[in-house]
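Next come the chains, spelled out residue by residue.
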Amino acid sequence: MATKTLRQISLDGLWFNNPALVQLLGLCPLLAVTGSVVNALGLGLATMLVLVGSNISVSLIRNHVSDAVRLPAFVMIIASFVTVTELVMQAFTYELYEVLGIFIPLIVTNCAILGRADAFACKNPILPSAIDGFMMALGFTLVLIVLGAMREVLGQGVIFSDMQLLFGPQAAGWKVELVKDYPDFLFAILPPGAFVAMGLIIAIKNIIDERLKARAEAQKAPVEAGSKRVRVTGKIT
Amino acid sequence: MLTLSSPHTHGSNSTSKVMLTVILATLPGLLVTTLLFGYGTFINVLLAVATAMATEALVLKLRQRPLGFFLKDNTAALTGVLLGLALPPLAPWWITVLATSFAIVFAKQLYGGIGNNPFNPAMVGYALVLVSFPLHMTTTWAVPMAVDNSAVPGLLDSVAVIFAGASPDAFSGATPLDAYKHMIDSQTSSEVLKNPIFSGWLNGGWEWVNLAYLAGGLVLLWRKIISWHIPVAMLVGLSLCSLLFGWDEDMYAPLSLQLLSGATMLGAFFIATDPVSAATTPRGKLIYGAGIGILLYVIRAHGAYPDAVAFAVLLMNFAAPFIDAYTQPRTYGHKAARRGLIAKSEK
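Sequence order for the protein chains is A and B.
1 is the number of the first residue of the first sequence in this note's numbering; add one for each residue after it.
1 is the number of the first residue of the second sequence in this note's numbering; add one for each residue after it.
Rather than coming from a laboratory, the hints here were simulated on the basis of the structure.
The C-beta atom is built at its ideal place from N, Cα and C for all residues, glycine as well.
Treat the hints with care, as some may be off.
[As the list claims (entries may be wrong)] Taking lysine-lysine pairs in the BS3-like style, the calculated list, with each CA pair at most 25 Å apart, reads:
# : chain 1 : residue 1 : chain 2 : residue 2
1 : B       : K72       : B       : K61
2 : A       : K205      : B       : K61
3 : A       : K220      : A       : K4
4 : B       : K61       : A       : K213
5 : B       : K72       : B       : K224
[What the hints assert, rightly or not] Partner residues are not named here, just some residues of chain A that face chain B (Cβ under 8 Å, in silico):
# : residue
6 : P183
7 : F185
8 : L186
9 : F187
Could you build all of it, start to finish, from the sequences and the hints given here?
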C-alpha cells in the first residue's frame, strides 16, 4: 500500500472518501438522529471520540494480532470506546444522552468505524491512523451538521435550538427563529425527509466533483497547434 | 406524391389528447363540488395547475429538455387538477403549492419525467402534506350547503381563507368518514346518522360529488381512455371487504358511506387508473385494483386516517411491477405464458 501524505489522508476523510457521502456508511444513525443541529453535533462528536480512539488502538496492536482474529479484536476495542463515550456523555451531557438514546450504544455497529480500523488503521502507523480517524469523523460530523441544519430549518423553521444540551446554560439563547409561526413540516423531521435531504447533499457533492474534474481537465488539455479541418457533418476536429 | 402502404388509418389519440379528455372528465365533479361546497376546490385546482406547469417548466429547463413538447402533453396539468380536487377545499395556498411542486419535482421529474415515475405523482404530493400537516389537512374541509347553507364560503371568503390566512373555522367541518369514525366509538349508528352532516340523501353533499366523478369515469370508459378492470376491481374489493368484515354499522362506516364518500370514486376512476404507475396486464389490473380496494377498506376501518386513497394507491404502486411480472398473458405463437423471474432471465 502506497503511503499517503497526511494532507491526502485529511482530504480523503473530509471530501473524496467521506464516510457519509462516498462510502455511505453509518447511514442508520445519520438518518435517525439528524433532526436538529444539536443532535447531529452530539452524535458526530461521540463518533469522533470512538473513531480516533479505535484507530489509534488498532494501529498500536496491528503487528500483534493475527489476521484470523483481527475483526473480533477490533470490535472489542470499538465497543470499549463506545462504552467510555457513553459514560462520558452520561456524566456531562445527560439530557443529550437521553435524546440520542439507543444511537449512542449503536455506534459500535457503525460500519464506518470498523471499516477504518480494517482498511486503514491496521496497516498504518499511529500518527496517520489518528489523523485518518479524526478527519473521517470530522467529515462525518460535518455532513451530520449540514443535514441536521437542513432538517431543523425545514422542519421547524428554527436553527440551533436546544444547544444548551451540549454547551451548557449560556447556549440556551443561541436558538434563531427564522420564520414566525412556522407550521411544523413533519416530513422533514421524519426519516423520509432525511433520505431526501441526504440525496440532495450527495447530488450537490457530485456536481461539485464534476466541476472540479472538468476544470482540472481543461487546465491539463494541451494547446492545439496547426490548422483545423472543418467538416460539413460531425464535429470540428 | 408519396405512396404509402396500408394501413392508412391511424388512431387519433395522443398523450396530450388523452390527458385533456381525463381533465375534461373531472369537470362534472369539480362543478358539483363548487356548487355544493363553494369555490375552495375551484381555486385549488387553478393554483395547483399553475404550480404544476411552472415547476414542470423549471425542471425541464434544468434538465435541458424541450419545454414546449413536454408541457403540451398535459400530464403536469392533470397532476395539478387531481391534486387540486383531492386537497381539502379550504387548505391554505402553500399546502397546494408545496404538494404540487413536490409531486412534479420529486415524484415525476427526478425519476425521469413522463412515463418513468413508479409512483402516482399526485398521490405522492397528497401523502406528503397529509403526513406533514395533519392539522391543516383535517380542519379545512368545507361543509356542504345541505348541512349549513350559510356556511358555504363565497368567492371572496374562499380567497381570504386560502390566501390571506383567515380562519376557516366558520366554513369548515369534519368529513363524513372522519365524523363517523370518531363518533361510532361512543354512539350507535342511528345516533351518528342524526348528525347534520349525514342529513342529505346519504351524507349531505359528498354523495353527489362522488356520483359526478362516477359519471366522469363512465365517460372515460366509454371513450376507451381507461379499461374497466381497475375501477371495477377496486370498488368490488372495497365492497366485499365492507360487507364481509364491516357489516356491523355500529362499529364501521356502512357500505354506502364507503362507496359514496371521501375520495372513493375520484380514486377509482381517475387516480388508480394512472397509466404509468398502475399494473398494465388485464389480470394484473384486476389484482392491482382489488388490492387498492382492500387496502382502502383496511386503512379506513383500522388505520389512523379517515380516508386512505393516497396510501392505498401508493402501496399498490410498489407492487405493480411485481404484479405485471407474474400476470403476463400468453403471447400469440407461444404455448404457455412466460411469467415471473424465469421470463426475465430467459430474455
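Right, here's what the structure says about each hint:
Note on B:K72 and B:K61: the hinted pairing holds, with a Cα-Cα distance of about 15 Å set against a maximum of 25 Å. Using a Cα cut-off of 25 Å, the hinted pair A:K205 and B:K61 holds, with the two alpha carbons roughly 21 Å apart. Pair hint A:K220 plus A:K4 holds up; C-alpha atoms about 23 Å apart against a cutoff of 25 Å. With a CA separation close to 24 Å, the supplied pair B:K61 and A:K213 stays within the 25 Å bound.
With a C-alpha separation of about 22 Å, the suggested pair B:K72 and B:K224 falls inside the 25 Å cut-off, and the hint holds. This hint holds: A:P183 has a C-beta 6 Å from the nearest C-beta of chain B, less than the 8 Å allowed. With a least beta-carbon distance of about 5 Å to chain B, the hint placing A:F185 at the interface is held under the 8 Å criterion. For A:L186, the interface hint holds, the least distance from its beta-carbon to any beta-carbon of chain B being 4 Å, beneath 8 Å.
Hint status for A:F187 relative to chain B: holds, with the closest Cβ pair at about 4 Å, below 8 Å.
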